[in-house]
Amino acid sequence: MEIREINIKTNIREQIVDITHEVEELIKESKVINGYCIISIPHTTAGITINENADPAVKRDILNILDNLIPLYGDYEHIEGNSAAHVKAILTGFSQIILIENKTLKLGTWQGVYFCEYDGPRDRKVYVKIISD
Amino acid sequence: MEIREINIKTNIREQIVDITHEVEELIKESKVINGYCIISIPHTTAGITINENADPAVKRDILNILDNLIPLYGDYEHIEGNSAAHVKAILTGFSQIILIENKTLKLGTWQGVYFCEYDGPRDRKVYVKIISD
Amino acid sequence: MEIREINIKTNIREQIVDITHEVEELIKESKVINGYCIISIPHTTAGITINENADPAVKRDILNILDNLIPLYGDYEHIEGNSAAHVKAILTGFSQIILIENKTLKLGTWQGVYFCEYDGPRDRKVYVKIISD
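Protein sequences appear in the order of chains A, B and C. If you read the first sequence in the numbering used here, its first letter stands for residue 3, the second for the next number, and so on. If you read the second sequence in the numbering used here, its first letter stands for residue 3, the second for the next number, and so on. If you read the third sequence in the numbering used here, its first letter stands for residue 3, the second for the next number, and so on.
Hints may contain errors.
The list treats identical chains as one, so a pair stands whether inside a single copy or across any two.
What the hints assert, rightly or not - Capping the alpha-carbon separation at 27 Å, the derived lysine-lysine pairs in DSS-like fashion look like this:
1. 127 x 105
2. 30 x 127
3. 108 x 127
4. 127 x 11
5. 108 x 30
6. 30 x 11
7. 108 x 33
These are computed hints drawn from the structure, not numbers from a lab.
Looking at chain A on its own, in the form it has when it is part of the complex (with noise of 0.2 Å):
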């Protein structure tokens, strides 16, 4: 099946953005009843991970954490000055793959999709290929 987009406009520099619901909707347009999607980014600086849907304070916490350990500015090469983002996109991952089963995501009860920003605001773009079994 052909790849379709998801486009995302982040506000700030950092920022987890839930597309869960803009993929079940894609997989219900292709009709597919079992098979897998594979999300990818074609980015450098953003990230596509999986996690907690529920309490927002989870998303807070993932960013905290990640900037605790790789911080903004720091001894770094690179004169964009956005190093400390390659390497949490690199962290957090470019693709998902993800199950699909009897017309949904194959998720965990908790489980969203999330697109995680390192080094925003920008126009970002989410592909995504569903297979069928």
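Guided by the hints, dock chains B and C onto chain A, whose structure is given.
Relative to chain A, chains B and C alone:
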């Protein structure tokens, strides 16, 4: 092929469980010769990775190094008190994709598939989907 | 399609090697138009990731930031002395899945595919499996 499940019961807060054998058994049952398998988990405070299956000290070092990086107690907002586990899980990853060749996982000599518990003890599960060429 | 191999000889302890061109060549040879490829490695002290292909300072910053986070020498039990490399590899990841569209990798303008050596110099290999729609 339909999704299979591996059930895991962890005994302590942090624990690495080698599930290579269980995954290999599912591949044997599937009769798939060449292809790949997707291993994923429905949790937000546990991860799936690959690492050395020889010296058990490696597992302890992994857990200790991660614990030094992201301490259990910190200035976290999430009231459940497991924010460190959420971040460790993100850094580890929630799925692995492993090639299958000649009826076995195409792993290196020293590679094993690890389930990483960061917020146990709990009953956990692992999904395995095997895709044939 | 059968699994292909890319051989890499690293020269120093830590090194990031851009393998984008090698992967693109395999895709060209495969004649696949649309689909995706799975890139994986059989090692436990090296990783596969995606990152900026423009400024070489980014590679140095990545290695330096990871080295500050997880020092080579520490209170580690594993007698081989490469526990830091095992953890860096886990954080980086052992595989990448990349979409293929119109005979090329669907990467962003600034994205390259990186093999990350954390315990060299060594002879390493990368597996590439290309899956057609």
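Hints versus structure:
no. : hint      : result
1   : 127 x 105 : both (23 Å within a copy, 21 Å between copies)
2   : 30 x 127  : both (20 Å within a copy, 26 Å between copies)
3   : 108 x 127 : both (23 Å within a copy, 12 Å between copies)
4   : 127 x 11  : within (9 Å within a copy, 35 Å between copies)
5   : 108 x 30  : both (14 Å within a copy, 24 Å between copies)
6   : 30 x 11   : within (23 Å within a copy, 34 Å between copies)
7   : 108 x 33  : both (16 Å within a copy, 24 Å between copies)
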